[in-house]
Amino acid sequence: GQQLNQSPQSMFIQEGEDVSMNCTSSSIFNTWLWYKQDPGEGPVLLIALYKAGELTSNGRLTAQFGITRKDSFLNISASIPSDVGIYFCAGQLVGGGSNYKLTFGKGTLLTVNP
Amino acid sequence: SQTIHQWPATLVQPVGSPLSLECTVEGTSNPNLYWYRQAAGRGLQLLFYSIGIDQISSEVPQNLSASRPQDRQFILSSKKLLLSDSGFYLCAGTGTGGNEQFFGPGTRLTVL
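From first to last, the protein sequence lines are chains E and C.
Each residue of the first sequence is one higher than the one before, starting from 1 at the first, in the numbering used here.
Each residue of the second sequence is one higher than the one before, starting from 1001 at the first, in the numbering used here.
Hints are computed from structural coordinates only; laboratory data are not their basis.
From a predicted model like this one, the values you see are computed outputs, not experimental measurements.
Each residue gets a CB set at the ideal place from its N, CA and C atoms; glycine is no exception.
One or more hints might be untrue.
[To be verified] No more than 35 Å apart at the CA atoms, straight line, and that leaves these computed lysine-lysine pairs for DSBU-like: (1) Lys1079(C) / Lys70(E); (2) Lys51(E) / Lys106(E); (3) Lys70(E) / Lys51(E); (4) Lys1079(C) / Lys106(E).
[As the list claims (entries may be wrong)] Label-pair restraints from in silico Cβ distances: (5) Gly1043(C) / Tyr100(E): 16 to 26 Å; (6) Gly1043(C) / Gly16(E): 37 to 47 Å; (7) Gly16(E) / Gln1070(C): 23 to 33 Å.
[Said to hold, decoys possible] Stretches of chain C that chain E covers, calculated by requiring three or more beta carbons in the stretch to come under 8 Å of a beta carbon on chain E: (8) 1026–1033; (9) 1042–1056.
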């Protein structure tokens, strides 16, 4: 099946630092979503992107839908300990019977040292 | 706003026993519904999805089945559990008019 390459796989940062993670694919997507999952819980939607080039912020989070429609990034500014968790990108492919499904990246595990 | 409920939260079952996990949705009608499994190590594997009552699509061959007897109810079942069925099971649903999936709190299944 289609794959999203999410990187980095894990990050260890100090509180206050900025964080950047991204997802890339060889296929075109018409939707990009970013989720955060706390340990033992379900993923929570952080940001949804629907247009190529779109740049959206949610508090300290900023995400962009790549202009080629094959990539997206998520930035977290001034990290705090509660930012710890797994961040997933997800996208909906254009056509190919994928109207009802999302393709997920494998996640970025973020650890923030106080 | 949409809310996804799952139960039980945790479950420990012996190999060969049956399974029934339930997911219900509040706050939207006619959602697309999904069952995912997340093994230790993070990735989300889509197991089943449903676009309507009694309409189930299976993504991977496996020991599990899904049913949707009502618009806002999605059930994951097995007649005989295997050790490899252990994992974190997540139900998700779409809201009205969007591709965004909202997840439930998950069920941690341990098969011994």
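Structure-based check of each hint:
1. Restraint check for Lys1079(C) and Lys70(E): the C-alpha separation of about 41 Å exceeds 35 Å, so the hint is violated.
2. For the hint pairing Lys51(E) with Lys106(E), the CA-to-CA distance comes to about 23 Å; that is within 35 Å, so the pair holds.
3. Pair hint Lys70(E) plus Lys51(E) holds up; C-alpha atoms about 12 Å apart against a cutoff of 35 Å.
4. With a CA separation close to 30 Å, the supplied pair Lys1079(C) and Lys106(E) stays within the 35 Å bound.
5. A C-beta distance of roughly 20 Å is found between Gly1043(C) and Tyr100(E), which places it inside the suggested range of 16 to 26 Å.
6. Take Gly1043(C) and Gly16(E): their Cβ atoms lie about 30 Å apart, and the range 37 to 47 Å is violated.
7. The beta-carbon spacing between Gly16(E) and Gln1070(C), approximately 49 Å, falls outside the hinted interval of 23 to 33 Å.
8. Residue count for the region 1026–1033 of chain C with a Cβ under 8 Å from a Cβ of chain E: 1. That is fewer than the three needed, and the coverage hint is violated.
9. Residues of the region 1042–1056 of chain C lying with their CB closer than 8 Å to a CB of chain E number 6, which satisfies the three-residue condition for coverage.
Of the numbered hints listed earlier, those contradicted by the structure are 1, 6, 7 and 8.
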